[in-house]
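Colleague: Each chain is listed here by its residues.
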Amino acid sequence: MPSKQVELLQGTLDMLILKTLNLRPLHGLAIAQRIEQVTRGTFQVKPGSLFPALHRMEEKGWLTASWGESENNRRAKYYALTKAGRRQFETETERWKQISLAVARALESN
Amino acid sequence: MVLLARTRSLIRNLFCRRRLDRELDREVSSYVELLAEQKFEQGLGREEARRQASLELGGAAQVQEEVRRLRAGEWLRTFGQDLRFGGRILLHHPGFTAVAVLIFAIGIGANTTIFSMVNGLLLRPLPVDKPERLTYLLARHERWGNGFSYPDFEDIRNQTGDAFSEVAMAELFHMDGLTVGGKTHAMWSNYVTTNFFSMMGIRPALGSFLIPEADLAGSEPVLVLGYSFWKNQLGGDPEIVGQRASMNGKAVTIIGVAPEGYHGTFNLIDVQGYLPLSFAGTIGTTSVQTDSGLADRKNREDRARYVGLILARLKPGVTMGKAQSVLDVVASRLRTQYPDIHKSLALRPVRLGNGLTNSTGENPLPIVSALFLTLAGMVLALAATNLANLLLVRALERTREMAVRSALGAARARLLRQVVTETALLVLMGFAAGLMFGLGGSRAVSSVPLETDLPLMFAFPFDWRVFCYSLGAALMVALICGLLPAWRASGVDLNDLIGDRARGLSPRRHWVRSLLVISQVAGSLTLLIVAGLFVRSLHNVQHIDLGFDPDHVINFTMDAHHAGLDEPQGRQFYQQLLERAHSLPGVESASLSQAVALGLYNFGDEIKIPGYQEKTGEPRPYAGYNAVSPDYFKVLRIPILKGRGILESDTESAPHVAVINQSMAQRFWPGRDAVGEQFTLGQDPNHLVQVVGIVKDARMAELTGPIEPFFFMSIAQNYTPLQTLQLRSSGTLAAVSRPVLEMIRSLEPGLPVAEVQMNQVLDGPDGFLIFRLGAGLAGALGLLGLALAIVGVYGVVSYSAAQRTHEIGIRMALGAMPGQAVKTIFRQGVIIVGTGITLGVLAAVAIAKVVASFLVGVSATDPLTYAAVSLSLAAVALLASFVPAHRAAKVDPMIALRHE
Numbered sequence: 001m002p003s004k005q006v007e008l009l010q011g012t013l014d015m016l017i018l019k020t021l022n023l024r025p026l027h028g029l030a031i032a033q034r035i036e037q038v039t040r041g042t043f044q045v046k047p048g049s050l051f052p053a054l055h056r057m058e059e060k061g062w063l064t065a066s067w068g069e070s071e072n073n074r075r076a077k078y079y080a081l082t083k084a085g086r087r088q089f090e091t092e093t094e095r096w097k098q099i100s101l102a103v104a105r106a107l108e109s110n
Numbered sequence: 001m002v003l004l005a006r007t008r009s010l011i012r013n014l015f016c017r018r019r020l021d022r023e024l025d026r027e028v029s030s031y032v033e034l035l036a037e038q039k040f041e042q043g044l045g046r047e048e049a050r051r052q053a054s055l056e057l058g059g060a061a062q063v064q065e066e067v068r069r070l071r072a073g074e075w076l077r078t079f080g081q082d083l084r085f086g087g088r089i090l091l092h093h094p095g096f097t098a099v100a101v102l103i104f105a106i107g108i109g110a111n112t113t114i115f116s117m118v119n120g121l122l123l124r125p126l127p128v129d130k131p132e133r134l135t136y137l138l139a140r141h142e143r144w145g146n147g148f149s150y151p152d153f154e155d156i157r158n159q160t161g162d163a164f165s166e167v168a169m170a171e172l173f174h175m176d177g178l179t180v181g182g183k184t185h186a187m188w189s190n191y192v193t194t195n196f197f198s199m200m201g202i203r204p205a206l207g208s209f210l211i212p213e214a215d216l217a218g219s220e221p222v223l224v225l226g227y228s229f230w231k232n233q234l235g236g237d238p239e240i241v242g243q244r245a246s247m248n249g250k251a252v253t254i255i256g257v258a259p260e261g262y263h264g265t266f267n268l269i270d271v272q273g274y275l276p277l278s279f280a281g282t283i284g285t286t287s288v289q290t291d292s293g294l295a296d297r298k299n300r301e302d303r304a305r306y307v308g309l310i311l312a313r314l315k316p317g318v319t320m321g322k323a324q325s326v327l328d329v330v331a332s333r334l335r336t337q338y339p340d341i342h343k344s345l346a347l348r349p350v351r352l353g354n355g356l357t358n359s360t361g362e363n364p365l366p367i368v369s370a371l372f373l374t375l376a377g378m379v380l381a382l383a384a385t386n387l388a389n390l391l392l393v394r395a396l397e398r399t400r401e402m403a404v405r406s407a408l409g410a411a412r413a414r415l416l417r418q419v420v421t422e423t424a425l426l427v428l429m430g431f432a433a434g435l436m437f438g439l440g441g442s443r444a445v446s447s448v449p450l451e452t453d454l455p456l457m458f459a460f461p462f463d464w465r466v467f468c469y470s471l472g473a474a475l476m477v478a479l480i481c482g483l484l485p486a487w488r489a490s491g492v493d494l495n496d497l498i499g500d501r502a503r504g505l506s507p508r509r510h511w512v513r514s515l516l517v518i519s520q521v522a523g524s525l526t527l528l529i530v531a532g533l534f535v536r537s538l539h540n541v542q543h544i545d546l547g548f549d550p551d552h553v554i555n556f557t558m559d560a561h562h563a564g565l566d567e568p569q570g571r572q573f574y575q576q577l578l579e580r581a582h583s584l585p586g587v588e589s590a591s592l593s594q595a596v597a598l599g600l601y602n603f604g605d606e607i608k609i610p611g612y613q614e615k616t617g618e619p620r621p622y623a624g625y626n627a628v629s630p631d632y633f634k635v636l637r638i639p640i641l642k643g644r645g646i647l648e649s650d651t652e653s654a655p656h657v658a659v660i661n662q663s664m665a666q667r668f669w670p671g672r673d674a675v676g677e678q679f680t681l682g683q684d685p686n687h688l689v690q691v692v693g694i695v696k697d698a699r700m701a702e703l704t705g706p707i708e709p710f711f712f713m714s715i716a717q718n719y720t721p722l723q724t725l726q727l728r729s730s731g732t733l734a735a736v737s738r739p740v741l742e743m744i745r746s747l748e749p750g751l752p753v754a755e756v757q758m759n760q761v762l763d764g765p766d767g768f769l770i771f772r773l774g775a776g777l778a779g780a781l782g783l784l785g786l787a788l789a790i791v792g793v794y795g796v797v798s799y800s801a802a803q804r805t806h807e808i809g810i811r812m813a814l815g816a817m818p819g820q821a822v823k824t825i826f827r828q829g830v831i832i833v834g835t836g837i838t839l840g841v842l843a844a845v846a847i848a849k850v851v852a853s854f855l856v857g858v859s860a861t862d863p864l865t866y867a868a869v870s871l872s873l874a875a876v877a878l879l880a881s882f883v884p885a886h887r888a889a890k891v892d893p894m895i896a897l898r899h900e
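Protein chains in written order, with my numbering: chain A, 1 to 110; chain B, 1 to 900.
No lab work stands behind these hints: they were computed from the structure.
It should be emphasised that the depicted structure is a prediction, and the values quoted were computed from it without experimental measurement.
Positions of the beta carbon are idealized from the N, C-alpha and C atoms, including for glycine.
One thing to keep in mind: the hints can contain errors.
[Said to hold, decoys possible] With a straight-line Cα cutoff of 25 Å, these simulated SDA-like cross-link-like pairs (lysine to any residue) come out:
hint: 1; chain 1: B; residue 1: K39; chain 2: A; residue 2: T91
hint: 2; chain 1: B; residue 1: K39; chain 2: A; residue 2: L26
hint: 3; chain 1: A; residue 1: K60; chain 2: B; residue 2: S54
hint: 4; chain 1: B; residue 1: K39; chain 2: A; residue 2: G48
hint: 5; chain 1: B; residue 1: K39; chain 2: A; residue 2: T39
hint: 6; chain 1: A; residue 1: K77; chain 2: B; residue 2: S29
hint: 7; chain 1: B; residue 1: K39; chain 2: A; residue 2: I99
hint: 8; chain 1: A; residue 1: K46; chain 2: B; residue 2: E66
hint: 9; chain 1: B; residue 1: K250; chain 2: B; residue 2: Q690
hint: 10; chain 1: A; residue 1: K46; chain 2: B; residue 2: L408
hint: 11; chain 1: B; residue 1: K39; chain 2: A; residue 2: T12
hint: 12; chain 1: A; residue 1: K60; chain 2: B; residue 2: A60
hint: 13; chain 1: A; residue 1: K77; chain 2: B; residue 2: S54
hint: 14; chain 1: A; residue 1: K77; chain 2: B; residue 2: V753
hint: 15; chain 1: A; residue 1: K77; chain 2: B; residue 2: E65
hint: 16; chain 1: A; residue 1: K46; chain 2: B; residue 2: L70
hint: 17; chain 1: A; residue 1: K77; chain 2: B; residue 2: L10
hint: 18; chain 1: A; residue 1: K46; chain 2: B; residue 2: D21
hint: 19; chain 1: A; residue 1: K60; chain 2: B; residue 2: F79
hint: 20; chain 1: A; residue 1: K60; chain 2: B; residue 2: V753
hint: 21; chain 1: A; residue 1: K46; chain 2: B; residue 2: Q38
hint: 22; chain 1: A; residue 1: K60; chain 2: B; residue 2: L408
hint: 23; chain 1: A; residue 1: K60; chain 2: B; residue 2: K250
hint: 24; chain 1: A; residue 1: K46; chain 2: B; residue 2: V753
[Claimed, not checked] Here's a subset of chain B near chain A, in silico, CB distances under 10 Å, partners left out:
hint: 25; residue: R12
hint: 26; residue: L14
hint: 27; residue: Q64
hint: 28; residue: S730
hint: 29; residue: T732
hint: 30; residue: H806
[Unchecked claim] Restraint ranges, calculated between C-beta atoms of paired labels, are given here:
hint: 31; chain 1: B; residue 1: E65; chain 2: A; residue 2: A80; range: 43 to 53 Å
hint: 32; chain 1: A; residue 1: R75; chain 2: B; residue 2: R12; range: 19 to 29 Å
hint: 33; chain 1: A; residue 1: S109; chain 2: B; residue 2: L475; range: 50 to 60 Å
hint: 34; chain 1: A; residue 1: R86; chain 2: B; residue 2: R12; range: 56 to 66 Å
hint: 35; chain 1: A; residue 1: G68; chain 2: B; residue 2: E41; range: 18 to 28 Å
hint: 36; chain 1: A; residue 1: S109; chain 2: B; residue 2: L10; range: 43 to 53 Å
hint: 37; chain 1: B; residue 1: L83; chain 2: A; residue 2: S109; range: 52 to 62 Å
hint: 38; chain 1: A; residue 1: A80; chain 2: B; residue 2: R77; range: 25 to 35 Å
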């Protein structure tokens, strides 16, 4: 286990999920593993937070879910971005860039 | 977009819950399977791969619950759960539930009943167009009153165009006889100017209303029927309009029916017919003078002749202040124009509101209403404190349950919500039951038997105002008594479970409950004292020395006009009636009179006494009177003290005579023998009346107050078409009643007769009724208060005794005697009850000041009532605290120590 694992900030998980699904529809496990992979293990998404987040985002209309076949022919629930989800991803990205820039500046100043 | 998605998911969550849960379950297990598959491919054994995958998931149930908690509409589901759970808890404690609901229902029921009365008497506006714009006028001569003469009405109408869009006049209602379709009905009618209905802004249910153009002298004899009279007495005949009928023997045409619900301008009387004002004297005559009324120009122009009320509708945009200033100008003009009559005239507009209560300007109803609403409010407060206490006790009992649930992870907000839901359930049930009580209560009050000929509307219907008031009262109670215990119950510190507080030993909680009991004792004492004052007052009224004997006397009132009899025919009819009545079996004595003692009509007039000069500032000599036949004093058993009574020889042609009462003799001929003296009546200055006898004072006009000067004249010398046959029976009144009615029918078949026993007259609106109602209502509220206080005191003291079982056990184990334990608990009760009683007496003194004007023969601070009520309440309350104290002391120390 990587030691530099950190707690997810509020709202970060949503953004990471949106980002992951922006490429193509994925099922829950794939989403979690993809996030872990792209953040090089910094963020480990546990099912206990993954599923509530997915369902909440689905209820908000950002995601749609449908049953499909996995790579090894198992049934799994696939999540995909909706139009609203794409818009949300864009605004989130914008916001996140601003925040990280602001925080970076704050840290760099003496 | 987002909103749409939310709504869609909300609906889905609510209605497809099962499917969603199944899908969630499948999704989570598919996650585990996929993960296991990966681990298997990485080289783990199939079993081991599954195990590790499950471990990584971290509990399927928890994950699913997490998802469920986030779903839209979740609160609705938990609310449903709370509701079901609350319902189960209440069902499992049927005793607690029943008592709580009952207490709540008593509080709400009492308030609903009282408020429905206040609503009926004060708040329901007249069913007319913009009732808030309607006013009536008061005039001040010597004091304020609402009677006006016709010329004054014309002047006011013509000079107030700036303030009023319409000014109408209405004579006070009185009884007429309407013969239609061969049947004669007694009818209480109202004589009005022709613009009366257009001023009210109502449309007829049938036909048309009086035609506004017709002037006083030339209008046709037409009649508009009251709706309920048309419906009930005439069977709602749809062909009634246009029918000819006869009113007191004179032809009239029925032209219309007033709309349903409209009952005239009085708030307690249902007027049954409306006629043009010009017929006030010609058709309806129950007044003493049998002149031609307003049809006669002389009367129409007589500025000193009282005719009726003035009603006026404010012009749009005109305020009461503006109307007042316009009236001020008119009044000052009238003062200078007619200084002899209008020396000190002032005019004042008053909002008609829900109608006139009586013929004077003053309306006692707002004060009475406020008083009873306050008393009912105190019952509500008592119920609320009782309920608060019950819930508090239960909250303490549930400390453990709450602590356990909170330890199992229930959020504080969730616990609070649970308790609030339960309280809300109780409140809802209590409110429903309270409404039923209130409905029953207002029905009971509406059906109080009224022994009167008047078409009284003593009905207090249940409308939206009553509902809102009850709802408001229920919400108040719910807020007061629901939140406090709820907060306490949910705010349990887990440590409390092991600490002292779990045993109810916290002094803070004792203090809160003691305060509750103190306020209960104080509140119920106030209620009981006020009730006691009313009951004593009723007792006094019922034991007033009337000066006559009402037992075994029965009255038959009729109006010869109703059969179309003129004066000679009427005299002959009454003569025959009296002769035949005397010869009926069972009749001891019989007499005729113009008015009934303490009855509906009272007559009086100014009198002139040669040589008598009133002192300055004193009103001119005035006396009440009645015209009677010779045996009147025998029937009522009024003793003749001096001289003689009325005799057969006092006929129409003989000199006019009067028998006066003691008060009159002392007032106008002090220190002299009044017999042989003479006086004249203001209305009949041509006949000198000679005093021929003095009778003992009797209450003829009013039940209370000093007995005023009164005299009796010979009815033969003062014929009136309205007469009452009074009989004293030697047997039962029921046996006399039928033969008399048959006898009257044989003489005049169509004549309406009102039959009332003298005792019932005394129970009527001018007699005991007001006192009886007041005492009944106050007494009922007081008893409710007492019941609530007893339940409250007993409940609190017995609970605190039970909570102290542990403490008592230790004390007794350490050698305390049972008596001492009793004393400890009992002393607590004494302090609480004593404080409550002191506060209650103080509150009662404050309220009694308002009550004072409704009490007869008892002071508002009557020490006997205060002492008796306080002592009995103290005794009851102490008994209520003694029982649990005694029980606590009988506890075996070992059991007490093991307690908990």
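Colleague: Now tell me, hint by hint, if it's right for this structure.
Modeller: These are the hints, each one checked on the structure:
With a C-alpha separation of about 37 Å, the suggested pairing of K39(B) with T91(A) is violated against the 25 Å cut-off. For the hint pairing K39(B) with L26(A), the CA-to-CA distance comes to about 19 Å; that is within 25 Å, so the pair holds. For the suggested pair K60(A) and S54(B), the alpha carbons sit about 29 Å apart, so the restraint of at most 25 Å is broken. Annotation: proposed proximity of K39(B) to G48(A) holds, straight-line Cα distance about 20 Å (limit 25 Å).
With a C-alpha separation of about 21 Å, the suggested pair K39(B) and T39(A) falls inside the 25 Å cut-off, and the hint holds. Restraint check for K77(A) and S29(B): satisfied, since their Cα atoms lie roughly 11 Å apart, inside the 25 Å limit. At roughly 38 Å between alpha-carbon atoms, K39(B) and I99(A) are farther apart than 25 Å, so this suggested pair is violated. About 12 Å separates the Cα atoms of K46(A) and E66(B), which keeps this hinted pair within 25 Å; it holds.
The straight-line distance between the Cα atoms of K250(B) and Q690(B) is roughly 37 Å, outside the 25 Å bound, and the hint therefore fails. At most 25 Å may separate the alpha-carbon atoms for a hinted pair to count; K46(A) and L408(B) meet this at roughly 23 Å. For the given pair, K39(B) sits about 28 Å from T12(A) by alpha-carbon distance, which is inconsistent with the 25 Å threshold. Distance restraint check for K60(A) and A60(B): the Cα-Cα separation of roughly 24 Å lies within the 25 Å cut-off, and the hinted pair is therefore satisfied.
Note on K77(A) and S54(B): the hinted pairing holds, with a Cα-Cα distance of about 18 Å set against a maximum of 25 Å. This hinted pair does not check out: K77(A) and V753(B) have alpha carbons roughly 92 Å apart, beyond 25 Å. Taking the CA atoms of K77(A) and E65(B), the gap is about 18 Å. The hint holds against a cut of 25 Å. Our distance criterion of 25 Å between C-alpha atoms is met by K46(A) and L70(B), whose separation comes to about 16 Å.
Straight-line distance between C-alpha atoms of K77(A) and L10(B) comes to about 21 Å, which keeps the hinted pair within the 25 Å bound. Under the criterion of a C-alpha separation no larger than 25 Å, the hint pairing K46(A) with D21(B) is consistent with the structure, at around 20 Å. The hinted pair formed by K60(A) and F79(B) meets the criterion: a straight-line CA distance of about 23 Å does not exceed 25 Å. Annotation: proposed proximity of K60(A) to V753(B) is violated, straight-line Cα distance about 82 Å (limit 25 Å).
Of the pairs offered as hints, the one joining K46(A) and Q38(B) holds, with about 17 Å between alpha carbons and a cut-off of 25 Å not exceeded. With a CA separation close to 31 Å, the supplied pair K60(A) and L408(B) exceeds the 25 Å bound. For a cut-off of 25 Å, the pair hint linking K60(A) to K250(B) is broken: about 84 Å separates their Cα positions. Only pairs whose Cα atoms come within 25 Å are accepted, and K46(A) paired with V753(B) is rejected, the gap being roughly 96 Å.
Satisfaction of the interface hint for R12(B) is found here, the shortest Cβ-Cβ separation to chain A being roughly 9 Å, below the 10 Å cut-off. With its C-beta approaching chain A no nearer than about 13 Å, L14(B) sits outside the 10 Å limit, and its interface hint is violated. Given hint, Q64(B) at the interface with chain A, holds; its Cβ is 8 Å from that chain's nearest Cβ, closer than 10 Å. Annotation: S730(B) was flagged as interfacial toward chain A, and the flag is violated, the nearest CB pair being 92 Å apart, outside 10 Å.
Against a cut-off of 10 Å between C-beta atoms, the interface hint on T732(B) is violated, since the closest Cβ of chain A lies about 84 Å away. At its closest, the beta carbon of H806(B) sits 45 Å from a beta carbon of chain A; the interface hint therefore is violated under the 10 Å criterion. Distance hint for E65(B) and A80(A): a CB-CB separation of about 26 Å, inconsistent with the stated range 43 to 53 Å. Checked against the given bound of 19 to 29 Å, the beta carbons of R75(A) and R12(B), roughly 21 Å apart, stay inside it.
S109(A) and L475(B) have their C-beta atoms about 58 Å apart, which keeps the hinted 50 to 60 Å range intact. In this structure the hint that R86(A) and R12(B) lie 56 to 66 Å apart at CB is violated, the actual value being about 23 Å. At roughly 20 Å, the beta-carbon separation of G68(A) and E41(B) lies within the given 18 to 28 Å, and the hint holds. A hinted range of 43 to 53 Å holds for the C-beta pair S109(A) and L10(B), which are about 47 Å apart.
The hint said 52 to 62 Å for the Cβ distance between L83(B) and S109(A), and at roughly 57 Å that hint holds. Take A80(A) and R77(B): their Cβ atoms lie about 28 Å apart, and the range 25 to 35 Å holds.
In this structure, the earlier hints numbered 1, 3, 7, 9, 11, 14, 20, 22, 23, 24, 26, 28, 29, 30, 31, 34 are contradicted, and the remaining ones agree with it.
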